[in-house]
Amino acid sequence: MPNAIEIENLTKTYGKVVAVENLSLTVPAGTFFGFLGPNGAGKSTTIACLTGLLDSTAGSIRLLGERFTANSAALKQRIGVMPENLGLFECLYAHEFLAFQAQIYGLDQSTARRRTTELLEAMELTGQGKKPLNEFSAGMRKRVAFAAAVIHKPEILFLDEPFESIDPSGVALMKQWLRRFTSAGRTVFLTTHVLETAERVCDRAAIVKTKGQIMWDGDLRPLAEDRPLSFDGHNFATLEDLFLHVAGERYTQLDWL
Amino acid sequence: MRFSVLLTLLRMRYTLLWAQVRLRQGKIVLFIVGYLLVVLIGMLLAAGGIGAALAAIQTGHAEIVARAVLGGFFLNMLAASVMLGFGLSKIFAESVLRRYPLTALEQLTARQLLGVLEPLWLLAAALYCGVAVGFSALGVTVLWIAVPAALLLVVVNYLLARLLQMLIERLLASRGGVLVVLLFIWTFAVGGSIVLPALLRNPAAREAMTQLLTFTPPFAAAALLSGRDLLTQVPLLATWTVGLAAAVWELDRLPAPSRAIDGADAAWGGPLDRIAALFPGVQSALVAKSLRFYLRTNKVRFPALLTLPMLAFILFAASNTQGRRPPVDPQPAFLAAFFLSFIVSVISTMHMDNNVFGYERSGFRRFLLAPVPPRSVLGSVTIASVLVGSVQIPLAAAGWLLFSPFRGEWRMLVMLLGNACTGLFLFRSLGLWVSLLSPRRADYFQRIGNQLSVAGNVVAVGSVLIAFILPQFLRRTVITPTLLAYWWAAPLAVPVAAALLLWTLRSGAGVFFARREQLLAVIEGRN
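In the order they appear, the protein sequences are chains A and B.
For what it's worth, our numbering labels the leading residue of the first sequence as 229, then goes sequentially.
For what it's worth, our numbering labels the leading residue of the second sequence as 74, then goes sequentially.
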């Protein structure tokens, strides 16, 4: 299987602050990949570089076999992004935003409208025709952002914390779609702090610590077969156990609490 | 009421302010210069207040001069805050303060206390206190009465501005509210300009109006500063304060207005989509989005409705000399029209044009993620702005043709149209540069209030003020026939302005791409 994402020695600095340093990673096509790590580990910065939001300071990125930069309009058309802060145009209604996304990513008007209608129905967002997005609840906004990321049927989907704030039935639906998405040879690159979800949906994962330094990168499928993950001479029955071992478990006693 | 909590929030406001400016060296300098300027203007106003008090007492008309100074400044502060949006920004939104264990009264007090400490109101305090100190220094009144009266006038001034702002916001959020506000402004402006001169000519009516005005806060404060009617004026000023505070309290407790229609189905192919469909490819989607961005905010809709009546009123006022014959120029209305024509297509969109990305907040990153070149993004917002702004030009021209006294003079119409088109392109060009180089994170749904950066204010408010004020200064020196002799220059300026806009779109696209990380940081509130 060819690689969907290839990152080589990616470095991103903000002035003197190093957010990501020499990150190298490959994700084969058709993988549901979890990019995990504690707060401030450089996950969002990495996604920002991978989606063209930020320029990398050094290193190279290849998506779908082609070199990717912030200028790569043709490649951008083949990826879908659900950003951390959703990136919604607050003045638009949900259907206008989705149709806009579809057309910007190259769909013709009739296809854009048809897919928008289908997505709104599937995401239980119908009947919101004259409600600007700023008046949507947090969960509804997330659903809209998810729909906007998939509407043009991208080949790689970048999802930054997609499941938070969404009710269980919505999450189940999204997972079902994403599994179908990857089984068709498409790739999902997911960051989340909900390790149980990552354990259930991801085929592979990488755990980064600080500055995007990969501490562990491996196959998660053994967990689905009730087999432990082996690392550093230990066996881990859950992804959370592995994460705490890699990221470092903290014990601080607050007497007053 | 826990004053320690209020003080903590007050400290937090200045900590946040400092946190925002310390990120960059240039910002610190700008911040210090800005505050030094406020202190300097404050000192000048205080000195002016003292001087006015001295002059008032020397002329023997202490109370009358105090009324004029305090009343004039009171109205100016209202105009600066309610119309231009200065001094009424929300430091802590209600939703933010709700997270803290504060009572409703503490939340309201905290927000209004922070509001009244904004620089605009400190300037008002400087002037009012200057007058108070002047009066007490010359023994007309005592300091312990004069200064509290002046400070109370600041509070009343602020509360009235806040109340008007809240009322207008609520009206603008309701269906048909825009028309109510427009009607109110018309009644106030036109009615005032017709009724006031008539009243002033009639001594009985003038006397009755003066009696009525004695119940207003500036007149009550003026009476207090003059050492008169302590027993009636103190309760009057206190009643104003309590009454306005109660009104603000009541309005503040009402739920936030919404224009959303629950249960409405998605509607396709409206007029905006049809207009946008005239543009090819992805530009069509971008233009449709940008048109909605401009037309769904009262920051555009309200001024769009107000522009032509307001300009017509200014022209009417300029031509209505009422016995004051201009010494040189017999046609001041044309001179006013000449300058106003530059901004006729600008007023409605100026708030958005000068911060075109700042209102998008997190939506801004969609422009960077999307597979479209920066030039298309800049082009679409410019097209939308030009389309929205240009609507005013034929309407203004029709108004000029129908109502101006110079119907036979075609050169005037050519000049005015030329200026309007030049302004249309020139100010979009300037607005793009301001948006790219000096953006500011702003709230799209805040209905009134000034959210522009300093550069944005210089271009937006500065251009409008220049167009309003310059004819007043030039009416003695610029002669209409001389101006008309150069009528051909106006249409020639249009392609120059259009070329400037095209150049801005081309070179601005490079700046957009190069500065996109800084833009993202500012617009998403990380810088």
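No wet-lab data here; the hints were simulated from the structure.
Some clues are possibly wrong.
Simulated coverage check for chain A against chain B, where a stretch passes if three residues somewhere in it have a Cβ under 8 Å from a Cβ of chain B [stated by the list, open to error]: (1) 272 to 281; (2) 296 to 302; (3) 350 to 360; (4) 451 to 462.
The beta-carbon is built from N, C-alpha and C at its ideal position, and this holds for glycine as well.
According to a criterion of three or more residues whose C-beta lies within less than 8 Å of a C-beta of chain B, is the segment 451 to 462 of chain A covered? Since 0 is below three, the answer is violated.
Report holds or violated for chain B covering the segment 350 to 360 of chain A, Cβ cut-off 8 Å, minimum 3 residues. Our answer is that it holds, as 7 residues pass the Cβ test (under 8 Å) against chain B, meeting three.
Given that the segment 272 to 281 of chain A was listed as covered by chain B, double-check it with a C-beta distance under 8 Å for 3 or more residues. holds (count 3)
Coverage claim, chain B over the segment 296 to 302 of chain A, checked by counting residues with Cβ within 8 Å (three needed): holds (count 4)
Checked against the numbered hints above, the structure breaks only hint 4 and satisfies the rest.
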